[in-house]
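Visitor: Sequence:
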Amino acid sequence: MTDAPLPSQYFAGLSAQQTGEIETLTAELAAERSVGLAAVAAARAKAEGGLEGLSEEERAAFQPFLTAYQRWSFAAITPAMVKLSDANFEELALDPERMMLVQFSTSWCGPCHRAAPVLNELAERGARVGKLDCEVAVDTARRFAIASYPTFVLYVKGKMKAIYRGPRTVEDFEAWLSEFE
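Counting from 1, position 147 in the sequence shown corresponds to residue 147 in full-length UniProt numbering; the numbering is continuous, with no gaps.
Don't read these hints as lab results, they were simulated from the structure. Be aware that one or more of the hints could be misleading.
Ranges of calculated distance between the beta carbons of each label pair, as one might list FRET restraints [unchecked claim]:
id : residue 1 : residue 2 : range
1  : A162      : R59       : 32 to 40 Å
2  : G110      : A175      : 21 to 29 Å
3  : E181      : A38       : 25 to 33 Å
4  : R33       : R168      : 29 to 37 Å
5  : Q17       : E56       : 32 to 40 Å
6  : Q17       : G158      : 15 to 23 Å
7  : A38       : A145      : 35 to 43 Å
8  : E52       : E124      : 34 to 42 Å
9  : R59       : A175      : 39 to 47 Å
All figures in this text were calculated on a predicted structure; none of them were measured in a lab. For each residue, glycine too, the CB sits at the ideal point set by N, CA and C.
Between the sequences and the hints, there should be enough to build the whole structure, so can you do that?
Guide: So this is what it looks like as structure tokens:
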């Protein structure tokens, strides 16, 4: 995207391909938000010293990069989970033959990122687990009145069945899900 130095706290240990994925998403988000790539690059370079040193304008310019990084990192830690969207939610989460646990989240939500590896392991063990980014799939988030993140909703045979509010361990999720099988 640019020749600006990459803030090391975000790119340490990433491959060129991973960095490229973040760069591509950054460019897409900057275009959506009408933020110039030069402004993004300048804010990124300055952010190497820490976000607290950024002005409001620089923070706004840095936001497409930060959002891209957060979305990429969430996807990277949840490969076994089904990526849901406004376009595929009906088909995948509301399947009339199956059940699916859905994590409604946002890219900036710390508790969402902390719960993600647990849910990914749950998916690896065979549970159908979906992830929906409420900042991207706005219509679906509104449809189900999602107001806090993360929200864990179980859909059974096309119907919303329950909301999970318990401890966030694989074993606790498995025990809870077994109640609905």
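Visitor: Now, for every hint given, state plainly whether the structure supports it.
Guide: Do the hints match the structure? See the list:
Checked against the given bound of 32 to 40 Å, the beta carbons of A162 and R59, roughly 39 Å apart, stay inside it. For the hinted restraint 21 to 29 Å between G110 and A175, the CB-CB distance of approximately 25 Å keeps it satisfied. Take E181 and A38: their Cβ atoms lie about 54 Å apart, and the range 25 to 33 Å is violated. Taken as a hint, the range 29 to 37 Å holds for the pair R33 and R168, whose Cβ atoms sit roughly 32 Å apart.
Q17 and E56 have their C-beta atoms about 34 Å apart, which keeps the hinted 32 to 40 Å range intact. Checked against the hint of 15 to 23 Å, the pair Q17 and G158 fails, with Cβ atoms roughly 38 Å apart. About 40 Å separates the C-beta atoms of A38 and A145, a value consistent with the hinted range of 35 to 43 Å. For the pair E52 and E124, the supplied restraint of 34 to 42 Å holds, since their beta-carbon distance comes to about 38 Å.
Hint check: R59 to A175, Cβ distance near 43 Å, so the stated range 39 to 47 Å holds.
Checked against the numbered hints given earlier, the structure breaks hints 3 and 6 and satisfies all the rest.
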